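Chemist: Going down the list, the sequences are from chains H and R.
Under my numbering, the first residue of the first sequence is numbered 1, with each subsequent residue one higher.
Under my numbering, the first residue of the second sequence is numbered 1001, with each subsequent residue one higher.
There could be a bad hint or two in this list.
What the hints assert, rightly or not - Residues on chain R that point at chain H, a partial pick, calculated with CB under 10 Å:
(1) Val1024
(2) Ser1025
(3) Asn1056
(4) Glu1064
(5) Val1070
(6) Arg1096
(7) Lys1097
(8) Ala1137
(9) Gly1165
(10) Ala1182
(11) Ser1186
(12) Val1191
(13) Pro1192
Said to hold, decoys possible - So the derived list for chain H, only partly shown, Cβ under 8 Å to chain R, looks like this:
(14) Met1
(15) Tyr80
(16) Asp541
Simulated from the structure, these hints should not be mistaken for laboratory data.
Values in this document were obtained by computation on a predicted structure and should not be read as measured data.
C-beta atoms are modelled at their ideal positions from N, C-alpha and C, and glycine is treated no differently.
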Amino acid sequence: MDLKTRGEPPSADELAAVDAVLGAAPDRDLHDVTGGHSLRNRRHLLLPALHAVNDRVGWISQRAIDYIAERLDASPAEIYGVASFYALFSLTERPAHQVHVCVDLACRANGGPAEGDLPAGAHASPCLGACERAPAAFVIDAGATPSQAVAGHVTAVQVRQWSDGDGPDPEAAPAAAVPQAGDRSLVLLARVGRGDPLDLDGYIADGGFRALAKARELGPVGVIAAVDASGLTGRGGAAFPTGRKWEAVRSQPATPHYLVCNADESEPGTFKDRVLIENDPYALIEAMTIAALATDCAYGYIYLRGEYPRAFATLLHALTTSRDRGLLGGETGFDIAVVKGAGAYICGEETAIFNSIEGYRGEPRNKPPFPFEVGLFGQPTVVNNVETLINIPSIVLDGRPANRRLFCLSGAVKVPGVYETELGLTLGELIELAGGLRDGSELQAVLLGGAAGGFAGPADLDLVLDQDSTRAAGLTLGSGVVMVHDQSVDLIDQLTRIAAFFRDESCGQCVPCRVGTVRQEEAIERLAAGASTGDLDLLRDIGQAMKDASICGLGQTAHNAIETAIVRLGVFS
Amino acid sequence: MSRSTTPSHDAESTVTLSIDGTDVSVPEGTTLLDACGGKGCGIPTLCYGDTITPKNACRVCMVEVEGSRVLVPSCSRQAEQGMVVRTRSQRVDHARKMVLEFLGSSVDLSLTDHITEWNAEYGADPGRYGADAQTVAQPVKIDNDLYVRDYAKCILCYQCVDACGEQWQNSFVIDIAGRGFAAHVSTENDVPLPDSACVYCGNCIQVCPTGALMFKTEHDMREAGSWQPDHQTTTDTICAFCGVGCNLTLHVQDNTIVKVSSPPDSPITHGNLCIKGRFGFQHAQNRPDET
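Next up, chain H with everything else stripped away, as it sits in the complex (with noise of 0.2 Å):
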């Protein structure tokens, strides 16, 4: 390949901010020494190279893109082909100070803004995983020491402040969204609120490394026994055994093998994982190592989502004093980086994972073959949600069944957080341990599993919460989403974000969702305007096409919760 670029060289914040990630220039021009081979292979940089300049800058130039171009040996084009598939980053010029403004649907519910009603220079945001403290906003200061703050309550006064300068106020503790914090009866959630996340002394003295210990002894046959004997499945959403998962990679021959804890948070409705790495950093540490023992894994990548900034100054803090401590890195044969999403749902399936991680767009991949025989870099990879890992260390310890799941609770609950509960609640019970409905509140729907999960009525309240009652239902646990609404909602507009979502964040890569997502948006803009009842039928003519043939999940579900609201709940009839 011939580069071409402008030869207009990048701003000195540009080039700081490339070279921090990529290093110094060599003196040389490397393309004619080794070919380029040796520049083309840090391409997994080039998201990082994107954040750096984006987070000094405040925005992606021509001339940046250049300048990475040139570092990395790819093509501008390519490059920019990747920096526009982020919501995140701007190819315009813009303000250093940026305000995303939630308008996605549990803080539409608890009276958040619609994309209409945003002051000038503030952005629409899609979940922003804070929804416990609905309505939230998330603000970004570009510059060399780049700031990035998620602020919940916030209220309109605020936004506009914010919007003409202003930054929130930090926010509260981790331990705030966990209601239940302290619950001696808690597994999966046990050390929040008892120690400091940011302390590895405290992790240790509470018995921190110890499952990693005893998986030692188990080897990697014996851990895989015992997750199998738990009856772990994914808790992202697809439910798939843990133990099968992990077995098939274990005995592919290829090396080496890739783990990707999948962080990449953004069902809308979800905050499980977020909490759980802001309070447990150090539980996911070990709880990975112990999978890369078991599968084989030399090397792991938590991919987070892009709008979580403590979680990652959490992460990164306990990735650096567990290498200290000599826990993570050198001898120990096992290391784990940290790759930041830049706003983009997608990333969250688990090809589209592998393709961001890579440097290229994050557009999943036609499956087969499936990540356990070619995945991230083409090796075999293992990928697990956080919750999935977080459940790791207590089963090896204890062999306990994996009976306990994390609940996301927000809406017209008294008391809305993250939840653990042993399966068997039904969703009545559960909405009892967040305090209830709010006063004054009537039962209107629950969404379940997020939006790509379905809507339940006021009848469902002895439905049983584990996968397959809700399953027979129509429903689907996902994510952990459990969103109450109450009479004050209006569903026609959470359905009309639910399809806007929907088609904001299809990758554009297959027609069924490319197009589907649009003209899903279109008939129930439509319905919700009042017209023809035809319109029903062309929905379910798009939805089942959707669901058919679209590459990937999210084509494949971005009709469900619609579904569910016009046959279930009667919405539009």
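Once you have looked at the hints, place chain R on chain H.
Modeler: Positioned in the frame of chain H, the structure of chain R alone reads:
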């Protein structure tokens, strides 16, 4: 993950599968589309090209495989021992019809082969989305003398991107930019082609299935109303510019070369040419009496 990972070791390395009730044996690695007879076998294809590994992005070639929760793209999915495939079913026909409607209602398919017949076969009615349905309509990009880019006709089959990039030319001048319905083929920051790394091989034009990429000669003649495919002949010849010996197909109207392609099945070119073979034909028709 139910897929067997053990390669088959039977004598011919063939697999036997059932296609619409008939047992078919094909070499291991054969796609379902090829097992069904390949392009033109009756399964519609759009993003599938003669010389590019398909991206399976259009999803019009979907078939039903027993045991699979969703339909599978026949252009990419490999045949497996014991597979039970249905190339027509209510679900298959519905998916094809909707893909045809989705594209027909958003993209100008007037130069895409077979669209009218497939719309009739699957009962597709792109008009039912109403006059307000969003489209990708936009002005034609004319920024050089050799070819134009009419992205109002683009179905995002990825073939031009792959032909420009790693599958053929290794120029990487264009990629998909943006996301969702706004995804589009673009140079960096949408710079005009003369400012990009484009080498004008025209291999993107060769693979474009919808006429979105077109010789400027053809575009100008279509605009002038003088493009007459019925009055065109083709002549296969060998490019005279260098010693490689690329096969050329000259498309001639009224004794004038109007465009050049290369046979996709040519073992020398696989349909690819360079700027000279693709566009350097004017000297052949600079006749003395016209100077």
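Chemist: Indicate, hint by hint, whether the structure satisfies it.
Modeler: Here's how the hints hold up against the structure:
{"no.": "1", "hint": "Val1024", "in the structure": "violated, 20 Å"}
{"no.": "2", "hint": "Ser1025", "in the structure": "violated, 21 Å"}
{"no.": "3", "hint": "Asn1056", "in the structure": "holds, 6 Å"}
{"no.": "4", "hint": "Glu1064", "in the structure": "holds, 9 Å"}
{"no.": "5", "hint": "Val1070", "in the structure": "holds, 6 Å"}
{"no.": "6", "hint": "Arg1096", "in the structure": "holds, 9 Å"}
{"no.": "7", "hint": "Lys1097", "in the structure": "holds, 8 Å"}
{"no.": "8", "hint": "Ala1137", "in the structure": "violated, 14 Å"}
{"no.": "9", "hint": "Gly1165", "in the structure": "holds, 8 Å"}
{"no.": "10", "hint": "Ala1182", "in the structure": "holds, 7 Å"}
{"no.": "11", "hint": "Ser1186", "in the structure": "holds, 7 Å"}
{"no.": "12", "hint": "Val1191", "in the structure": "holds, 8 Å"}
{"no.": "13", "hint": "Pro1192", "in the structure": "violated, 12 Å"}
{"no.": "14", "hint": "Met1", "in the structure": "holds, 5 Å"}
{"no.": "15", "hint": "Tyr80", "in the structure": "holds, 4 Å"}
{"no.": "16", "hint": "Asp541", "in the structure": "holds, 6 Å"}
In this structure, the earlier hints numbered 1, 2, 8, 13 are contradicted, and the remaining ones agree with it.
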